[in-house]
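A.B. asks: Chains A and B, in that order, give the protein sequences. Reminder that position 182 of the first sequence reads as 243 in the working numbering, one-by-one numbering, no gaps. Reminder that position 60 of the second sequence reads as 126 in the working numbering, one-by-one numbering, no gaps.
Calculated from the structure, these hints are not laboratory results. Bear in mind that the values here come from a model prediction, so they are computed numbers and not experimental data. A virtual CB, placed ideally from N, CA and C, is assigned to each residue, including glycine. Some hints could be false.
What the hints assert, rightly or not - Just a few of them, taken from the derived set where beta-carbon distance is under 8 Å, the chain B residues facing chain A:
1) G83
2) V84
3) I109
4) V113
5) E114
6) L119
7) V121
8) A129
9) L131
10) N133
11) S135
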Amino acid sequence: MTDDRGTLAALTARYAAAQTLQQLTACARDYETAGAPHPPSWPNIRLALTGNYSTQFLARGFPVALAARHLAAELYESPYNQWRAELLEPGSALHAFAPTHVCLALTSIELAYGSLRTPDAIAGSVAAAVQAALKTGEAHYLITLPEPLADELSDNSGAYAWRQAVCDGLRAALAPLPRVTLIDTAPLMRQIGVAAWFDDRFYDTAKLPFHPDCTPAMLGLLADALTGIVAPRCKLVVVDLDDTLWGGRVGDDGYDGIDLDPAGKGRHFLRLQTFLQGLRGKGIVLAIASKNDPAAAQEVFAKRPEMILRAEDFAAAEIHWEPKSSSLARILDRLKLSTAGVVFLDDNPVERAEVRRRFPDIVVPELPDDPAQRVPMLLGTGLFDHRIATAESLERNRMYAENDARDAAQRDAGDYREFLRGLKMTMHGAPLDAARERVSELIQKTNQFNLTTRRYSWSELAAATQGGFGRCYRLTDRFGDNGIISVVAVARESDADARIDLWLMSCRVFGRRVEDAILADVVARVRALGARRLIGEYIPTAKNALVRELYPRLGFKEIARNGASVRYALPLDDARETADAEFIVLADRTAPTAAASG
Amino acid sequence: MSGREAVLRKLEPIFRGVIDPDLVLSEDLDASQVPLWDSLNHIILVVEIEMKLGVALTTDELAGLRNVSELVTLLQEKGVQA
Numbered sequence: 062m063t064d065d066r067g068t069l070a071a072l073t074a075r076y077a078a079a080q081t082l083q084q085l086t087a088c089a090r091d092y093e094t095a096g097a098p099h100p101p102s103w104p105n106i107r108l109a110l111t112g113n114y115s116t117q118f119l120a121r122g123f124p125v126a127l128a129a130r131h132l133a134a135e136l137y138e139s140p141y142n143q144w145r146a147e148l149l150e151p152g153s154a155l156h157a158f159a160p161t162h163v164c165l166a167l168t169s170i171e172l173a174y175g176s177l178r179t180p181d182a183i184a185g186s187v188a189a190a191v192q193a194a195l196k197t198g199e200a201h202y203l204i205t206l207p208e209p210l211a212d213e214l215s216d217n218s219g220a221y222a223w224r225q226a227v228c229d230g231l232r233a234a235l236a237p238l239p240r241v242t243l244i245d246t247a248p249l250m251r252q253i254g255v256a257a258w259f260d261d262r263f264y265d266t267a268k269l270p271f272h273p274d275c276t277p278a279m280l281g282l283l284a285d286a287l288t289g290i291v292a293p294r295c296k297l298v299v300v301d302l303d304d305t306l307w308g309g310r311v312g313d314d315g316y317d318g319i320d321l322d323p324a325g326k327g328r329h330f331l332r333l334q335t336f337l338q339g340l341r342g343k344g345i346v347l348a349i350a351s352k353n354d355p356a357a358a359q360e361v362f363a364k365r366p367e368m369i370l371r372a373e374d375f376a377a378a379e380i381h382w383e384p385k386s387s388s389l390a391r392i393l394d395r396l397k398l399s400t401a402g403v404v405f406l407d408d409n410p411v412e413r414a415e416v417r418r419r420f421p422d423i424v425v426p427e428l429p430d431d432p433a434q435r436v437p438m439l440l441g442t443g444l445f446d447h448r449i450a451t452a453e454s455l456e457r458n459r460m461y462a463e464n465d466a467r468d469a470a471q472r473d474a475g476d477y478r479e480f481l482r483g484l485k486m487t488m489h490g491a492p493l494d495a496a497r498e499r500v501s502e503l504i505q506k507t508n509q510f511n512l513t514t515r516r517y518s519w520s521e522l523a524a525a526t527q528g529g530f531g532r533c534y535r536l537t538d539r540f541g542d543n544g545i546i547s548v549v550a551v552a553r554e555s556d557a558d559a560r561i562d563l564w565l566m567s568c569r570v571f572g573r574r575v576e577d578a579i580l581a582d583v584v585a586r587v588r589a590l591g592a593r594r595l596i597g598e599y600i601p602t603a604k605n606a607l608v609r610e611l612y613p614r615l616g617f618k619e620i621a622r623n624g625a626s627v628r629y630a631l632p633l634d635d636a637r638e639t640a641d642a643e644f645i646v647l648a649d650r651t652a653p654t655a656a657a658s659g
Numbered sequence: 067m068s069g070r071e072a073v074l075r076k077l078e079p080i081f082r083g084v085i086d087p088d089l090v091l092s093e094d095l096d097a098s099q100v101p102l103w104d105s106l107n108h109i110i111l112v113v114e115i116e117m118k119l120g121v122a123l124t125t126d127e128l129a130g131l132r133n134v135s136e137l138v139t140l141l142q143e144k145g146v147q148a
């Protein structure tokens, strides 16, 4: 078995690298000679290959191509151009083989010049054959739509209109049928290039409608589609919201401030939405995992007409401030899905790492920072190409799903602490002057993690920190520099009391215990000033419910209430040290007194 | 080494890659004597010859070449040398 595994790995690597027909057939032959090794756990399919051109090269390559996709296959190949009789006759050799899957490979060349010719005759004939075949057995049918003809390149040619009519007719007749998947070969041909694709010599002598060296790519297309039916690589896409589904952060920018501008950068977010909508149309389930204020997020769906995806397009939505891995676990639990075939899209590398760490099986693409590059990148992964998940395949997936997700949902919080430790976070405190622009920007824009939401000008800020101090904090982690993420302004109220007049933080780093580390630094500095009590205020706004419970959680006690505003105090006389943050190193603990003027 | 011999030596690794790693190529060999030189492998041979020797064959040449001697002659005409 170990030997088999080594052989298999070597052969599938050769298959993956095969660019020419010679390389493909050589590794296909060696796979066969080795006895077609495969682990017993792989799904077994019985694949019948039929069509109107020479499919022998495809037939030779299929076993190793499917092995590379972790499928084991028994193969049957019809004689040349016998597809109609094979499908129509219940007693045909094809039906006698009892296939689980049938690949009907059709070329435009034979359809255009053979006996059928007109779009109506072609669509009618294919539809009749497939409908009859569906009644005969249980097989799933993969049918290639006729490829572009060389003559389409000429503007004056009727070939384009002909093929469109053929494809429209086939789609109308076949797309609604169960157990039928249509495969468009045109994108593959465009990708390979017309010059490399067409070679009449091989059609004339061998009934091969493309250059023989296009065989590996054509085989890949068919094998991918087949894999998509038997074992979809993607059945669920879980997507982040801020800076992923739209530009900006709704909690800070408001539903009307996020970027969905079709004439600007917002177009790239709309493009991702269109892409996801297309996946949904293929039967892939969508869900949301966002660290956000749920009401604000819902507002975008309700009030922004540019949104392509509607709230009801998502089968589940986890919108809160808990770790994304917990959100994923809940989504899987609710949808009764395993981690197989789950793709997680998030612009934030820290969130991606956190999900990867807890769920190594979930596919987490490295989404580019530039929104314009995201859809092309996702298309390039091949995760979604022609992988058309049918209702049946989703149902089947559901059955073996449950245990995985439950176990994951019950995993303890210790795992998350370890993740935080692994982030190797370092916080660098500095006087406010060290980053005036960024500090001003944060003061003007931050809505969610903002205890008092005082939109100070620079001079007001200086006045507010008279006798106290102001600090800004930069956070780095193993993924890089998050920049200035928090601002604190402390006012001296009396000899005994210092008050946190302003405390705000980018919600991007929320949930990472950064606030604990900041408080530890503030407490040390307030102590150094000689104060005996630290006062905190919470002034509620429409957007800062996130921090309503922050002070109680950090050990402050409520001392006064004025309307909805609450005043808290943390006694500093106690022997009790405020615990330093467990997960974060404070890099430059300059003597607190020295920074007091900052 | 004659010119024909030189072309033959260039063809041999191509035939070995497609048909049989132990094949010894000689001018008197034709497709009927080599079971694996079937119509499918013939296509692969043609593609490999075009790519590796930098020649282009016509449809008729491509279909007709079923023995090594004719192949060597044709390739010489097309300028394949040592």
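A.B. asks: Would you mind marking each hint as holding or not holding in the structure?
C.D. replies: How the hints compare with the structure:
1. G83: holds, 6 Å
2. V84: Interface hint status for V84/B: holds (6 Å vs cutoff 8 Å).
3. I109: At about 5 Å, which falls below the 8 Å cut-off, the nearest Cβ of chain A leaves the hint on I109/B intact, so it holds.
4. V113: With Cβ-Cβ at 5 Å, under 8 Å, it holds.
5. E114: Hint holds; E114/B Cβ to chain A Cβ min 5 Å, cut 8 Å.
6. L119: violated, 14 Å
7. V121: violated, 13 Å
8. A129: holds, 4 Å
9. L131: Interface hint status for L131/B: violated (11 Å vs cutoff 8 Å).
10. N133: violated, 17 Å
11. S135: violated, 20 Å
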